[in-house]
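One-letter residues, chain by chain:
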Amino acid sequence: MSKRLSSILTPIIAVLLGVIVGTIIMLASGYDPVAAYTALWNGAFGDIYYTGEVIRQVTPYILAGLAVAFAFRVGLFNIGVEGQFLVGWLAAVWVGVSFDLPRIIHLPLAIIASIVAGALWAFIPGLLKARFRVHEVIITIMMNYVALHISNYIIKNVITDHKDKTDMIKDSATLRSEWLQSLTDYSRLHWGILIAIVCCILMWFLLERTTRGFELRSVGFNQHAAHYAGMSVNKNIILSMVISGAFAGLAGAMEGLGTFGYATVNGGFTGVGFDGIAVALLGANTSLGVFFSAILFGALKVGALNMPLEAGVPNELVDIIIALIVFFVASSYIIRVFLDRFTKKGVK
Amino acid sequence: MSLMEILTIVVPSTLLWAAPLIFTALGGIFSERSGVVNIGLEGLMVIGAFSSIVFNLTFVDTFGSATPWIALLVAMAAGALFSMLHAVASITFRADHTVSGVAINLLAVGVCLFLVKQIYGKGETGIIREGFRKIDVPVLKDIPIIGEIFFQNTYWTSFVAIIAAIIGWYVVYKTPFGLRLRSVGEHPMAADTMGINVTKMRYLGVIISGALGGIGGAVYAQSITSNFSHATISGQGFMALAAMIFGKWHPLGALGAGIFFGFAQSISIIGSSLPFLKEIPNVYLLVAPYVLTILALTGFIGRADAPKASGTHYIKGTR
Chain F
0 MSKRLSSILT PIIAVLLGVI VGTIIMLASG YDPVAAYTAL WNGAFGDIYY TGEVIRQVTP
60 YILAGLAVAF AFRVGLFNIG VEGQFLVGWL AAVWVGVSFD LPRIIHLPLA IIASIVAGAL
120 WAFIPGLLKA RFRVHEVIIT IMMNYVALHI SNYIIKNVIT DHKDKTDMIK DSATLRSEWL
180 QSLTDYSRLH WGILIAIVCC ILMWFLLERT TRGFELRSVG FNQHAAHYAG MSVNKNIILS
240 MVISGAFAGL AGAMEGLGTF GYATVNGGFT GVGFDGIAVA LLGANTSLGV FFSAILFGAL
300 KVGALNMPLE AGVPNELVDI IIALIVFFVA SSYIIRVFLD RFTKKGVK
Chain H
0 MSLMEILTIV VPSTLLWAAP LIFTALGGIF SERSGVVNIG LEGLMVIGAF SSIVFNLTFV
60 DTFGSATPWI ALLVAMAAGA LFSMLHAVAS ITFRADHTVS GVAINLLAVG VCLFLVKQIY
120 GKGETGIIRE GFRKIDVPVL KDIPIIGEIF FQNTYWTSFV AIIAAIIGWY VVYKTPFGLR
180 LRSVGEHPMA ADTMGINVTK MRYLGVIISG ALGGIGGAVY AQSITSNFSH ATISGQGFMA
240 LAAMIFGKWH PLGALGAGIF FGFAQSISII GSSLPFLKEI PNVYLLVAPY VLTILALTGF
300 IGRADAPKAS GTHYIKGTR
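Going down the list, the protein sequences come from chains F and H. Heads up, the first sequence is in numbering that gives the first Met the number 0, so the first residue is 0 and it goes up one at a time. Heads up, the second sequence is in numbering that gives the first Met the number 0, so the first residue is 0 and it goes up one at a time.
Derived from the structure by calculation, the hints contain no laboratory data. Please note that the accuracy of each hint is not assured.
Taking lysine to any residue and the SDA-like style, the derived pairs with C-alpha atoms no more than 25 Å apart in a straight line are [as the list claims (entries may be wrong)]:
| hint | chain 1 | residue 1 | chain 2 | residue 2 |
| --- | --- | --- | --- | --- |
| 1 | H | Lys315 | F | Leu338 |
| 2 | H | Lys116 | F | Gly266 |
| 3 | H | Lys116 | F | Ala27 |
| 4 | H | Lys116 | F | Ile24 |
| 5 | F | Lys155 | H | Lys173 |
| 6 | H | Lys133 | H | Leu56 |
| 7 | F | Lys2 | H | His312 |
| 8 | H | Lys121 | F | Tyr30 |
| 9 | H | Lys121 | F | Leu304 |
| 10 | F | Lys155 | H | Leu273 |
| 11 | H | Lys116 | F | Gly311 |
| 12 | H | Lys173 | H | Met193 |
| 13 | H | Lys116 | F | Ile19 |
| 14 | H | Lys116 | F | Val20 |
| 15 | F | Lys162 | H | Ile268 |
| 16 | F | Lys2 | F | Phe76 |
| 17 | H | Lys121 | F | Gly311 |
Kindly produce the complete structure, drawing on both the sequences and the hints.
Quick look at the structure:
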């Protein structure tokens, strides 16, 4: 079987396996899977309002997915997207509430603030990896918790006076649009989806069409070969983390400036960063793949909210299915083995 | 408030918060020493917390005050069983260990909340009647000063955790099993050449880590939160991971790190009632475990190095 075909088939099989196991779980616990999946579909695409909400959910997923995927392509596992997402969210809202500027300056300023915050947060693990060879997975996990506690502290003690929620951002910094909302029966759809799509194209162009992108990918394929060819491995490692963090921070701005318009004290993680790992893996770390898998996961997440109402199935079922998809994509080695067996049947 | 009074508040509270970290960090050591990275500790704790609480609520009338201890065993079995998924994926299916660990974390939360809704019809369980209670250790509590600080108003589980760490050290460093476990994590090919079954040792390492992670979650749920909801285990598993690294992949190191992180956690909660400490903003104590782990990994506090072969797959016949 050709490599190209199997690399397209593997994620599809992983999704199917996830759905099949999800169905088995529902049957075993006495729910009606047909009703559940119908409710899921209706909850995502049954009404223009829901579709607007799906696109709203897809926006941060695309950016979080790009963040994970970009680092993966350079051979790094950025599990800290969640933390970079939180600091990006905080920075965007902070700029959004504290200044009074015309929209043409204020909105870009807030967005840039989120990018810078996310990039800085990812720069630390990148630097430690390049300088001290410390594994980025552990550092980024620790940075997630530092981000969570510090942003809670700042919201409580610096931006507000011991409140759990900031004020709404000024109208001049918002990504929301009356027009988009009225199109979709007043969902929370906002302009962010355009930014996300532009970022998809940007990442593809940067990686596939520039010298810098070639270097980054070379470091991802083989650090030693890249080094031997005269590329600076350390510089590329730091750069890839910074860009990855910038995407993640931007994802935070989508929530801060678009969906919610404020920042709150979080007891735990939002989960967007971790879902971004699922998005990137399923999308095979390419920008087009990330785009499609973000749509799948966004639809699953939003549609799931309809499942308890219409079919009486707990919406956590979708979390199980997403986890199973990640599990099966990770185990793609065994799927490939089966695919090869299947196609070579009788030859041996 | 005298120093003595402060110590009698701080020490038992530290040990209470340290116990789940110590168990889970020990679990992490068994897995990583065999060469399998286990980011899934958080998920394993979730499974342990969930199964212990459900067992406790269901069987409290049958077993009475022994329920929490039996629930601990149930959580151990559940954790071990669940960790097999990680073992199969990362050893047999050659999945990336970190990715598989992430899947384990997502799956554990999903499955447990799904079951809670299915069993109880709401998002969280009720409060357990029989949890781990404060006790005074017989005999030892009468030692002057030391007895009052260490052995009064404390929990049995903290002492079990300390003993478990010592047993863990003995098993990893003083038994043939421990030697094999470590060799498989350092250089699997050499171990294989010497006739050690790499796959079997790695499976055992992961399953032991699941069992200990399950215990860690059960201890946390039954002594600190007393029920199970989405927020029961939020970051405890990752803090245990940090304790394992800060303890340099050594059971006694993890014990020390667990106690230290337990101290930081308990101070961030009870600190407001203590002099001096209430001046320090909470946030420093909350982030201390994570920042210290980053510093330890970077080499500012003595270099911490992972087992050489951790995170790699062993494929027979490749060089």
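Each hint, compared with the structure:
This hinted pair checks out: H/Lys315 and F/Leu338 have alpha carbons roughly 22 Å apart, not beyond 25 Å. Distance check on the hinted pair: H/Lys116 and F/Gly266 sit about 21 Å apart at the alpha-carbon level, within 25 Å; holds. With a C-alpha separation of about 15 Å, the suggested pair H/Lys116 and F/Ala27 falls inside the 25 Å cut-off, and the hint holds. Taking the CA atoms of H/Lys116 and F/Ile24, the gap is about 14 Å. The hint holds against a cut of 25 Å.
Taken as a hint, the F/Lys155 and H/Lys173 pair is broken in the structure, with Cα atoms around 50 Å apart against an allowance of 25 Å. For the proposed pair H/Lys133 and H/Leu56, the alpha carbon gap of about 20 Å is at most 25 Å, so the pair holds. For the given pair, F/Lys2 sits about 22 Å from H/His312 by alpha-carbon distance, which is consistent with the 25 Å threshold. For the given pair, H/Lys121 sits about 16 Å from F/Tyr30 by alpha-carbon distance, which is consistent with the 25 Å threshold.
Our distance criterion of 25 Å between C-alpha atoms is met by H/Lys121 and F/Leu304, whose separation comes to about 15 Å. The straight-line distance between the Cα atoms of F/Lys155 and H/Leu273 is roughly 22 Å, inside the 25 Å bound, and the hint therefore holds. For the given pair, H/Lys116 sits about 11 Å from F/Gly311 by alpha-carbon distance, which is consistent with the 25 Å threshold. Pair hint H/Lys173 plus H/Met193 holds up; C-alpha atoms about 19 Å apart against a cutoff of 25 Å.
Straight-line distance between C-alpha atoms of H/Lys116 and F/Ile19 comes to about 21 Å, which keeps the hinted pair within the 25 Å bound. With a C-alpha separation of about 19 Å, the suggested pairing of H/Lys116 with F/Val20 holds against the 25 Å cut-off. A C-alpha spacing of about 19 Å is found between F/Lys162 and H/Ile268, which places the hinted pair at or below 25 Å, so the restraint holds. As the CA atoms of F/Lys2 and F/Phe76 are separated by approximately 24 Å, the hinted pair is consistent with the 25 Å bound.
Between H/Lys121 and F/Gly311 the CA atoms are separated by roughly 12 Å; this keeps the pair inside 25 Å, and the hint holds.
In this structure, the one hint that does not hold is number 5.
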